[in-house]
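Line order of the protein sequences matches chains A and B.
Letter by letter, the first sequence follows residues 1 to 179 in this note's numbering.
Letter by letter, the second sequence follows residues 1001 to 1513 in this note's numbering.
If you're looking for bench data, these hints aren't it; they were derived computationally from the structure.
Accuracy of the hints is not assured; some may be wrong.
Here are a few chain B residues that sit away from chain A, every Cβ distance over 10 Å (derived from the structure) [claimed, not checked]:
#1 Ser-1062
#2 Thr-1063
#3 Gly-1075
#4 Ser-1107
#5 Arg-1174
#6 Val-1175
#7 Thr-1234
#8 Ser-1277
#9 Lys-1309
#10 Gly-1419
#11 Leu-1476
If the Cβ cut is set under 7 Å, some of the chain B residues that face chain A in the computed set are [what the hints assert, rightly or not]:
#12 Ser-1333
#13 Thr-1427
#14 Thr-1446
We treat Cβ as the ideally placed atom computed from N, Cα and C, and that holds for glycine.
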Amino acid sequence: MNKPISTTVTIIIIAVVAILAFIFLNKKFVKQNYAVQVNGVGITKSTVNTAIAQQLEFYKSQNQQAPNISTIQESVTNALIDNALVNQYAAKHNITVSNAEVNNRYEEAVGVFNSHNNIKGASDSAFLARINQMYEIDKSEYLASLKMGILKDKVQASVGEPLTKWLQEQKKTADIKIY
Amino acid sequence: MAFEKPMQKSRLLQILIFLFIGGLFLSFTQSAHATVLWMSGAETGSISEAVTLYGTPNISTSTVRSGTYSYETNGSNTCFYSNAAYTSTTSMYTRAYMYFTALPSVSNVIIQTVAGSTGVSTLELNTDGSLTAKIGASSGTVVGTSSTTLSPNTWYRIDFKTIVSSTVGVIEVRVNDSVVITGSNLNTGTSAITAAVYGPRLTTQDIFWDDIIENDSGYVPDGKIIARQPIVGTPTYDSWTKTGTAPYWADTPANTANSATSVSGTDAQTELIGSFSTTQSGHGTETIGSGDTINDMVVTYDQKVGTGKSGSDYMRQRVGGTDTDTLVSLSTSDAYYQGPITTPTLTNLNSMEAGGNFSGTGALYTIEDLWVMVDYAPGSGAPLDHYLVTVASPQTAGVCSTGTNTVTAQDSNNNTLTGDASTVNMTYTGTGVTFYTNSSCSTSTTQYTLSSGVANIYYEVSSGVQYITITATKNLSTETGTSNSIIINLASNITPETSLKGGMQIRGGTTIK
Chain A
1 MNKPISTTVT IIIIAVVAIL AFIFLNKKFV KQNYAVQVNG VGITKSTVNT
51 AIAQQLEFYK SQNQQAPNIS TIQESVTNAL IDNALVNQYA AKHNITVSNA
101 EVNNRYEEAV GVFNSHNNIK GASDSAFLAR INQMYEIDKS EYLASLKMGI
151 LKDKVQASVG EPLTKWLQEQ KKTADIKIY
Chain B
1001 MAFEKPMQKS RLLQILIFLF IGGLFLSFTQ SAHATVLWMS GAETGSISEA
1051 VTLYGTPNIS TSTVRSGTYS YETNGSNTCF YSNAAYTSTT SMYTRAYMYF
1101 TALPSVSNVI IQTVAGSTGV STLELNTDGS LTAKIGASSG TVVGTSSTTL
1151 SPNTWYRIDF KTIVSSTVGV IEVRVNDSVV ITGSNLNTGT SAITAAVYGP
1201 RLTTQDIFWD DIIENDSGYV PDGKIIARQP IVGTPTYDSW TKTGTAPYWA
1251 DTPANTANSA TSVSGTDAQT ELIGSFSTTQ SGHGTETIGS GDTINDMVVT
1301 YDQKVGTGKS GSDYMRQRVG GTDTDTLVSL STSDAYYQGP ITTPTLTNLN
1351 SMEAGGNFSG TGALYTIEDL WVMVDYAPGS GAPLDHYLVT VASPQTAGVC
1401 STGTNTVTAQ DSNNNTLTGD ASTVNMTYTG TGVTFYTNSS CSTSTTQYTL
1451 SSGVANIYYE VSSGVQYITI TATKNLSTET GTSNSIIINL ASNITPETSL
1501 KGGMQIRGGT TIK
């Protein structure tokens, strides 16, 4: 006659099964929601799709036939990985971008646009209309991209070497998972 | 119980060598920032930042090279000299930007190095705008007169070098980085220089001075001195007694309305400093960008100490999360003091704090105001205006592009923005252009990220014969640039017949008609 399984063993079995289930479901969840993970930080599929859509809109605005979608996807994924690495370095080294810096850069960009288009004054309405027409983005999305740009400039200054070279080196050692 | 073995002689020798080398290294690294003796852009807005020697030099806000203020020496014997943060030196390189409203009626002393009250070397501006350098005072031996002449109402960079030696002395003058007077193996005496004096000495002239640096080891690069003051925020150290409203050390020129005073014991007080990457009210319109080069930084204080103090006062600078305290011997009345000269990164500058640290009793260490002044060489302060797309032509269809093909970020004056790291999208006119990540054209891409303002581009055109252009547009923005036309030829192993498309008629293999 078999001995009855003790309570302790039962608890252990249930715990192991629960852990395995968690790992399995978590992996599935990650794969379902993330396109890429960079050093454990996920980039959602939604983010990648948004970037692809912006690229397609750009080519449309330029009356240019878009490259094939896989090339665009690879380019925007690479760019998003770059951004993630830049963000992680900045966080580690307390490199930040203030709202004042972003607003300053925004005013500069509007000024350049107005100058090229013979628009007098500092109004940003024509600029925002053009940005929206080119990428279907609004001001807050544009400011977010400016912030990222300033952060990249700062990280480049901080690492003391060309940003692309630094990024290539980082990618050799970073834990990057593309799903 | 275990006892350590007696140290072997060889081991002891190794340690001594290590300590010696370490000491040498430390001495070199410590002296790295000791070359700049004094710097001032007059950005405190007070003539007290320098030391008045003769007459009544002023602070100007109307004729300024950088920042908001400059020194104005208007009169016949009106000058100021560097605040003696150093005792003396036998080699002096002064960089000063000078602007005068009219040529002098007679040759006029404008810069002089002195040992106490005795001239070591003298620079004069002549009636025709030329410069004359002399050993000693204005009555001294002429070293040379420049063929270059200066004109009124123009900022000039003047570098004045003096090496003190009775046998191998040197006096040299540069104008806008070009040597205009030089003399070597001179007898410039044996008395070390204690200060440099700026201003007209012999006849009336109105001369403005800005962005002055004195160095003891070599010429100073081109630069501008701008200032930032404290801002409201939560500092790392916050234990002094405040007077007025925050920020307590941000008045220009200095006054006593807002200040902070230490209390007995061991306490420190700092304030956050305004970012150099954005403008700050009262400090001009300049900012420092990531492409600019930071030459030097100094914190200038207006401060004093009360009577009956027993302890030490330190000027505290917190840069990159590290505190540096510099002992200072304070007067009991407000006066200007200069902290150590260092060279932080822009990132650290934009997160720095400055203030004071007191250790002792009975203290009344009061900081009235402070200014962080930075000498920087503009690199890419101007905003991105466009991209320069440089391409090699001709190229061959079906072959990865050759030659120099780059995208360069530029400002409106076509200066390269060396700090730019923007990402560009690539488009083209023509047909069948594919962009790649590398020179073997193995991995296609739609974007390039610039490094230090430049990106190499690689592309291949599937079909010839045609003209194409390439355009780079900043991602999610409007800045753009288009190349000149690029001729796409047929590959040598392709016959014209195989490339005929759309009814093109090709003669001679490469010409579209």
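Cross-check of the supplied hints:
no. : hint     : result
1   : Ser-1062 : 26 Å, holds
2   : Thr-1063 : 26 Å, holds
3   : Gly-1075 : 40 Å, holds
4   : Ser-1107 : 46 Å, holds
5   : Arg-1174 : 30 Å, holds
6   : Val-1175 : 32 Å, holds
7   : Thr-1234 : 15 Å, holds
8   : Ser-1277 : 5 Å, violated
9   : Lys-1309 : 36 Å, holds
10  : Gly-1419 : 5 Å, violated
11  : Leu-1476 : 4 Å, violated
12  : Ser-1333 : 37 Å, violated
13  : Thr-1427 : 5 Å, holds
14  : Thr-1446 : 4 Å, holds
When held up to the earlier numbered hints, the structure conflicts with 8, 10, 11, 12 and fits the remainder.
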